[in-house]
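Protein chains: 4
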Amino acid sequence: MSLLLNGATVIDGVSDKGLDGRSILMENGRILAIGRPDEIPVPADTETVDYSGKFIIPGLMNANVHLFVNVLFETLVRYEGGYEDLIVEASQVALRAGMTTVFDTWGPRRALMAVRDKIDRGEIAGSRIRCAGNIIGFDGPFSGDFDSRIPGIGSSHFVDRVNATWVENTGRHLMWLTPEAVGKEVRKYIEHGIDFVKYASNEHGGTSAGAFIQFSERTQRVIVEEAHRAGLTAQSHSSSVEGLRMSLEAGCDLVQHCNMTGPAEIPRETLELFTQKDCGAVVFPLTDNGMAVLRETISDHEWTMWKASDTNSRHLIESGATILLANDGGIFAPEVMQEPLIKGTWNGLPEEEALGRLATGHFVWLRAMEEKGMSPIDLLRAATRNIARAYRVDDDLGTLEVGKIADMVVLDEDPLQDAKNYRSIHAVIKDGALVDRDALPERPLLTAELRAPLEEEARYKKSLHHGERLPGCPSC
Amino acid sequence: MSLLLNGATVIDGVSDKGLDGRSILMENGRILAIGRPDEIPVPADTETVDYSGKFIIPGLMNANVHLFVNVLFETLVRYEGGYEDLIVEASQVALRAGMTTVFDTWGPRRALMAVRDKIDRGEIAGSRIRCAGNIIGFDGPFSGDFDSRIPGIGSSHFVDRVNATWVENTGRHLMWLTPEAVGKEVRKYIEHGIDFVKYASNEHGGTSAGAFIQFSERTQRVIVEEAHRAGLTAQSHSSSVEGLRMSLEAGCDLVQHCNMTGPAEIPRETLELFTQKDCGAVVFPLTDNGMAVLRETISDHEWTMWKASDTNSRHLIESGATILLANDGGIFAPEVMQEPLIKGTWNGLPEEEALGRLATGHFVWLRAMEEKGMSPIDLLRAATRNIARAYRVDDDLGTLEVGKIADMVVLDEDPLQDAKNYRSIHAVIKDGALVDRDALPERPLLTAELRAPLEEEARYKKSLHHGERLPGCPSC
Amino acid sequence: MSLLLNGATVIDGVSDKGLDGRSILMENGRILAIGRPDEIPVPADTETVDYSGKFIIPGLMNANVHLFVNVLFETLVRYEGGYEDLIVEASQVALRAGMTTVFDTWGPRRALMAVRDKIDRGEIAGSRIRCAGNIIGFDGPFSGDFDSRIPGIGSSHFVDRVNATWVENTGRHLMWLTPEAVGKEVRKYIEHGIDFVKYASNEHGGTSAGAFIQFSERTQRVIVEEAHRAGLTAQSHSSSVEGLRMSLEAGCDLVQHCNMTGPAEIPRETLELFTQKDCGAVVFPLTDNGMAVLRETISDHEWTMWKASDTNSRHLIESGATILLANDGGIFAPEVMQEPLIKGTWNGLPEEEALGRLATGHFVWLRAMEEKGMSPIDLLRAATRNIARAYRVDDDLGTLEVGKIADMVVLDEDPLQDAKNYRSIHAVIKDGALVDRDALPERPLLTAELRAPLEEEARYKKSLHHGERLPGCPSC
Amino acid sequence: MSLLLNGATVIDGVSDKGLDGRSILMENGRILAIGRPDEIPVPADTETVDYSGKFIIPGLMNANVHLFVNVLFETLVRYEGGYEDLIVEASQVALRAGMTTVFDTWGPRRALMAVRDKIDRGEIAGSRIRCAGNIIGFDGPFSGDFDSRIPGIGSSHFVDRVNATWVENTGRHLMWLTPEAVGKEVRKYIEHGIDFVKYASNEHGGTSAGAFIQFSERTQRVIVEEAHRAGLTAQSHSSSVEGLRMSLEAGCDLVQHCNMTGPAEIPRETLELFTQKDCGAVVFPLTDNGMAVLRETISDHEWTMWKASDTNSRHLIESGATILLANDGGIFAPEVMQEPLIKGTWNGLPEEEALGRLATGHFVWLRAMEEKGMSPIDLLRAATRNIARAYRVDDDLGTLEVGKIADMVVLDEDPLQDAKNYRSIHAVIKDGALVDRDALPERPLLTAELRAPLEEEARYKKSLHHGERLPGCPSC
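Protein chains in written order, with the UniProt record's numbering: chain A, 1 to 476; chain B, 1 to 476; chain C, 1 to 476; chain D, 1 to 476.
Derived by calculation from the structure, the hints in this document are not laboratory data. One thing to keep in mind: the hints can contain errors.
Treat identical chains as interchangeable: a pair holds within one or across any two.
Said to hold, decoys possible - In silico DMTMM-like cross-links for lysine to aspartate or glutamate, where the CA-CA straight-line distance does not exceed 25 angstroms:
| id | residue 1 | residue 2 |
| --- | --- | --- |
| 1 | Lys184 | Glu272 |
| 2 | Lys277 | Glu180 |
| 3 | Lys307 | Glu185 |
| 4 | Lys184 | Glu249 |
| 5 | Lys188 | Glu265 |
| 6 | Lys184 | Glu265 |
| 7 | Lys307 | Glu180 |
| 8 | Lys184 | Glu269 |
| 9 | Lys17 | Asp50 |
| 10 | Lys118 | Glu84 |
| 11 | Lys307 | Glu272 |
Bear in mind the structure is a predicted one, so any value in this text is a computation, not a measurement.
All chains, please: the whole structure from these sequences, using the hints.
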């Protein structure tokens, strides 16, 4: 059966502007034709939808999500054996929010690949997933890279099991090896069926705010070569100006959150490497208002870092680098979002400015980069074509062209007028079919309501807590 | 339908020795007759079992178990919503091991009472449960009384919920109140339907090894009075000589682990209070071999404490106090028992000497107290009649007498010959019916095998772990 | 040589009001005569001072200071071997601030007694010291009672040495003993030459905010009896309503910070015990403004405690209890007072409201209690006569009467008009001689200026610090 | 005045063997002549010493000591303002042990340079010091690089001051900068007057056992270039095979503890770089017996590291690399050496095997490397000529040649016979004069006896300590 969409303004991502009154015909998941209504032969058995006054854009993409990001000890215990359920939920949240393809750049490989394959086979609804598994060089959720308090709190049986699930053969121990030996481990990991390779150019930040270098330049080259030899793209996790430069020199296809370089700004010569090397620049921007809110809760040193990252984003725009939308998008357990401490983090920003939320953060990204001066069509491409190209999937995805996979979003308002109009999603089409957005996520887990406290619990909160101290103690 | 047991030596707990070749007839859960075969009229529709050569004793009791003792963070997350399942499992482990009645002296009240009632109604198999809920004065599993590291690791939502489930209105905050105000809270807690009251005379030991006093003597009196007014018995958690003395003066019906008084021995005048006040002395003894094994792993200070507790046990026997068998019996998750650190604790003793295990610890108790000089019949009574009397349930339980509930254990070997013969359980009869021991526990959870490690996990263990340090670092 | 003071209004603490135009003659440290100028025979060789328009009051006393309170690890290392120097400094700060006698209720016994004796012998200037040494039952500065983080940070050699210096034979281990055995240790400690006995009725608060009871009522009685048998007064550290009641029942001569009873108010019957038992009520009050400032930085639970303590203070006034001025007065190292964290504590209040500072806190006390309704003459007596009586030194101290020790303060303004006038100190006379206040403290250590930072240090503060984290880390 | 030594076997370090019956004449600190007695013209006013039967070798050198290594919080407080005293003490301990020149590769720059200059000017006795100050890239003693527990325990005033004293402008914050910007900071640091530059190729090990890379290859090159431009040598702190390779590629003159590369062995191609690049290989070896003792106390993972380091040492010998003696030699406070925990570290080895002790560790080094197969003359050169060459001071030091500085050690036994004979020091000559070894160190501080415990302290140790727990607690 075919699907014909009539009457909309089509912003195909190829042309620099929208084309009014276009029709799009699709069949078997691909675009058969785009054009004026009279140019398109309509097969029998075609469902027709009138989208007059609407705007059709390519399906949104996200160059960096974590469909399973909430590696809180509690969550990992509670959902052990059910990680796939959480990933399905997240991929459906993404799809509902207009993202027809997401690139998961860190997570539990087996569960991610299992869900990826079920979605690819059409067994379940969800955003198309391409995934990296672990970030080469990082240890697991219960380690110095994430939460080093857990070993000794959790049983070692569980701690080791969880860490092993994330790390497999790609953890910090690779840092001890020669470049060649690291390459061999990466090759082994690729053979499991991941879609692209991500490695740590800088440490994760539990240690020195991300300043340490994880792999030497030579090792980084070897990792990138292994990825390319296997036909995959390679990318790095980078968080310092040297970590960034090394990633670019090593031949990465894209670099994650490349605007984040601690308190230092990216030097001009490194900015230029993006175009020289044709490397995608994944940027994590905050809105002006988000910056202002954050300023209130963080130290001067931290602020220095956010300011530098903001300046970097602007310089990257000016430098002509190919910019990619991404936001570490994930879903946190509601218990976490309720904690008072979350306020002091970027995840605790008001929803309008919270970049990291899977369901809405990409809209924040678009508004933030509009504020920093990106043009409307560049914003669209950052969320579609640029990502497809950097990940080498632009034969199938990223623009609305005949022959490509029929992924698209129908908006009520013109996204080229105002970036906030991306929120006006009217419909999502994936693989040539309308998505039943109201049904998503089919089984809310982390996005479900937190259940009400027990009667005792409420009472308990009112009485004295552990750890509180006597007022007036002279030396405490 | 009636049940007739023929041919066994019956050690009824009333007489000081066994009576050979006796028959016991039971119906509707109660004992109809005990006597020589020819003395007993056998109704039609009677099932007869020949136990010639066997020994029948009253059903074993345990004055202090914790059917849900494994308050490890992981366990509490994993089984949230399923605490009853764990309690059912434990009560079946107890029943299989010959304990027809157990007194649970600390645990989640609602779940314990729910299982208690299902067993009482005959809906599920299990040891008869009588329970106290929380120990009046203790905070929850995630507090200074148990594990103070968890707040801040677990979400406050979960931490508060768990603590509230255990504590309700009976936590440390009562320490701030006047005796009368504490009494009011105890009354409220009793109304929930607990079977007896347990309060903290000493702190739980997370702080100063149990030396602090939790409630003043006046408050202790008020708590005991509230229990008695409601027709319940009262007992205390005590861990110092003053905590013990205060409990006795306050009128407790029994005192838990009264032999544990830190590094100090119980003074003579306090020993005498047990008989003067007719108070049950619950003793936690180690075997000589258990003591020797433990000595290897603990500090001199800790050893002082164990030695004093051993001396106390012997003095209690000599003083003629009514001694009760108990062992904090519980089931720990297999992950926990596998931890290297468990070795240095009494739970890490070899099974033959490990007092605290629910399935076997009572056998250890009997051997340990035999070593310290208790007579065979006193050992039996410590495990049966003395417990029934102290808990005021001796109208129904504790001895084999006509009219009492038909709970009994059939042994292959004579327990009055050697305490180790209690292990030779041939059959268990509860409420006048044979227990299908082989079927218990029906659904193993904490007693199930630990699943095998992931392939990755095994590999992970071989590579470098978090937290290990460079050899040769001069100042680390 | 004699000293004659003429012309002042004398508020002798006996009469309820000031007597104008009185002269005071003193010799050999004692008051020879008080009266109208013409009533007093003036010996030859008499120095005469005209204090017309001034107000003379008895020397101020403080019922609870800690001349060595700053048990910060750093301070204890830096001044090891020189603890006496710190105590001399503090006693001179106290004297300069009008306190001619202070009762040190916790500190290093040997050093305190050494300084006490030097001052008594007139070898050095300083406030008259009477001291208790350790609080019976408390462990040392590097323990769960004060700072439990230090063992493992400090060498065990040093940690043990410091703890031993404070604790000697009177630490937490006494909690294990019978009342009689505790009594024996107290007797031994008294023999070292302390001036009064202070024991812990409640724990120090590192644990459960001060709610635990440290010693049973019987043990408390024995401790008090030992003090009285030796001719010393006894007092307790109390921080809960039961801890307070037990102290009163045990026969204490005074109870420290008795208004601090956690979140609960003192019940009426306990309030009445103060007069029934003739026990001194040491109160730690905050000013209304101090309370308001503190409210901003503390949690609701902590606020509950401060509010209850405020209500208690008012109730104690109404109940007619004998109230004593005290404030845990001590000197903190300037490094400590500079820490941002100090803001959230009562020591971090603005100087006008900071009760705990040795040099000024007693003035805060007087203003605070005036606000709560104490009459002018009762305020004066709380700071003089009441303290002398409670400590049984009123034969010599506390009022201006012939034969008593000539300790007095000359004020520029009338203290009975307004409590803030106590700050208008014109002169201090101790042992019949004018104190050279400008020379005190003779050797500033903790009261010296903090030296300026190194050039490198300033620079260091501007660069990135350890422990700061990468902005934008998804899971940190 | 001249000094003439007669009769000894001279092992000058140039020839491969000892020359019997040689005389050495020295004046004004330099060697005037070496030869047979009859070849040497003896000036008037010459002191002559007969060393017949003795062996004279060049003054020993140590390529890596830390004259102030004991950066324990306590020590840093106790000796604030007196760091030079500790450095003088250490330099005298070194001199007494035959080391006429030591290279201090990490310490407080100002104090080290001050002592260096006093010794150079002959104002005080001591080993000749050449020093680097901080290791470029490391944060201070109270940071993640050393002891991250102290911030929050120490006052921030003191913590910042200490850290600044060590770090100045060269800490971890340099990791954020571009290579050029790092170079500028290094230049500034060199201008303070340090003798050589040491930087971190790998992190210090507080984090990931030393696996992280601190500076990119490009930054390392820039640092080395800055050193060379200023006429100084450059060296790195390296602890992984990649960290080592990068150091060699960057042009280091020597690499510290290059045999320590975590669990991995140095690959052949990296071994070869030592000779290709003429880079000195500083090795930290353990004796066979030391390895065996250590094995008992460490984990399997740690053992893997020590084994690899041992294999590396052997491979370095085989590869013909120029090997340098060094041992991180320092003096620890006696309190530290007394701690039970020290046993599990290499500093806790029995003195005969403890590599890191300043007074004796170089003797351990020589025995250890002899065991691993170094020839007698190579051992001598590792301790003398090789160090002088690598540090570019071989015009003056390292061998006994006419014109060089007259530093030498007189041994009772032949060091070419057995490495243990280096311990048989008969005399030390520095700058042409006999050292009064018995007088050193002139003022023992860290090498003084620990004073005896207080009476109270001994008693305190016997009573119960904080933190001990109740035996028999079910869930602790």
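Return the numbers of the hints above that this structure violates; sort them in rising order.
Per hint list: zero violations.
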